[in-house]
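Using the sequences provided together with the hints, build the complete structure.
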Amino acid sequence: MAKLASKHREGKAKRSEVTELRRTGQIPAVIYGYQVENTPVAVDENEFIKVIREVGRNGVIDLDIEGNTTKVMVTEYQFDSLKNQITHIDFIAINMKSEVTVEVTVEILGEAAGTKEGGIVEQPIFEVSVTATPDNIPESIEVNVEEMEIGDTLYVSDIREKGNFTIENEDDEALVTVVPPQKEEESEEDEEAAEGEETEEAAEEKDEE
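Terminal number for the sequence shown in the working numbering: 214, no gaps in between.
FYI, nobody ran anything at the bench for these hints, they're computed from the structure.
Treat the hints with care, as some may be off.
[Claimed, not checked] Straight line, CA to CA, 27 Å or less: simulated DSSO-like cross-link-like pairs of lysine-lysine:
| # | residue 1 | residue 2 |
| --- | --- | --- |
| 1 | 76 | 12 |
| 2 | 102 | 8 |
| 3 | 188 | 121 |
| 4 | 167 | 102 |
| 5 | 88 | 19 |
| 6 | 8 | 76 |
| 7 | 76 | 167 |
| 8 | 76 | 55 |
| 9 | 12 | 55 |
| 10 | 8 | 55 |
| 11 | 55 | 88 |
| 12 | 76 | 102 |
| 13 | 12 | 88 |
[As the list claims (entries may be wrong)] Beta-carbon label-pair distances, calculated as ranges:
| # | residue 1 | residue 2 | range |
| --- | --- | --- | --- |
| 14 | 138 | 82 | 19 to 27 Å |
| 15 | 158 | 24 | 47 to 55 Å |
| 16 | 122 | 81 | 40 to 48 Å |
| 17 | 95 | 141 | 17 to 25 Å |
| 18 | 144 | 86 | 23 to 31 Å |
| 19 | 30 | 86 | 17 to 25 Å |
| 20 | 25 | 120 | 47 to 55 Å |
| 21 | 84 | 114 | 23 to 31 Å |
| 22 | 29 | 185 | 52 to 60 Å |
| 23 | 52 | 157 | 40 to 48 Å |
| 24 | 168 | 131 | 12 to 20 Å |
We put the beta carbon where it would ideally sit given N, CA and C, even for glycine.
What follows is the structure, encoded as structure tokens:
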């Protein structure tokens with residue numbers, strides 16, 4: 006389990022103090038949840054990024070708050086794309102024996118057989134809601150599509166037995182489908198334009214006669 010150090014910070018810090026915190030590579034954060042009062046902290050941005058890469062966005066982190074360790078998950082973090090910087094993190098303290106519900110990515114593996122005949126793989130949804138104890142939450146749910154032909158569809162019901170967790174989505178919700186290649190059909194406007202050109206050419210030929 007990944008570990009991340011943090012330190013207490015003032016909950017009602019001035020904007021200038023928060024800016025200075027970020028300038029030094031620290032991210033303002035807050036912890037709340039199981040047996041924890043709302044606690045403002047700060048963590049090192051580089052260390053946080055390393056931990057998230059290691060455990061994934063739904064992973065459990067041992068958060069050290071100046072000597073006291075609390076098991077947490079990241080519920081949300083804000084990112085400033087202009088500054089390319091994480092600006093705030095919400096940690097939730099968890100009970101490892103209690104189930105939580107999170108969004109988990111559906112990852113496609115392989116190349117569908119139907120693509121050899123021109124079929125197109127479509128993925129209507131990229132995430133499913135999963136309920137499990139924290140240690141049973143998968144980083145992603147992998148689905149192999151290699152045997153899928155044109156017209157085949159993979160549903161939520163097909164992945165229910167993937168692990169020790171419950172998928173909250175409906176059984177008939179489509180995850181992946183292989184559709185026939187799209188034929189380019191002339192629109193009515195194109196047909197009218199073509200007819201107009203033919204009529205114009207016929208008129209010119211008549212004038213030449």
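Which numbered conditions among the earlier hints are violated in the structure presented, ordered from lowest to highest?
none
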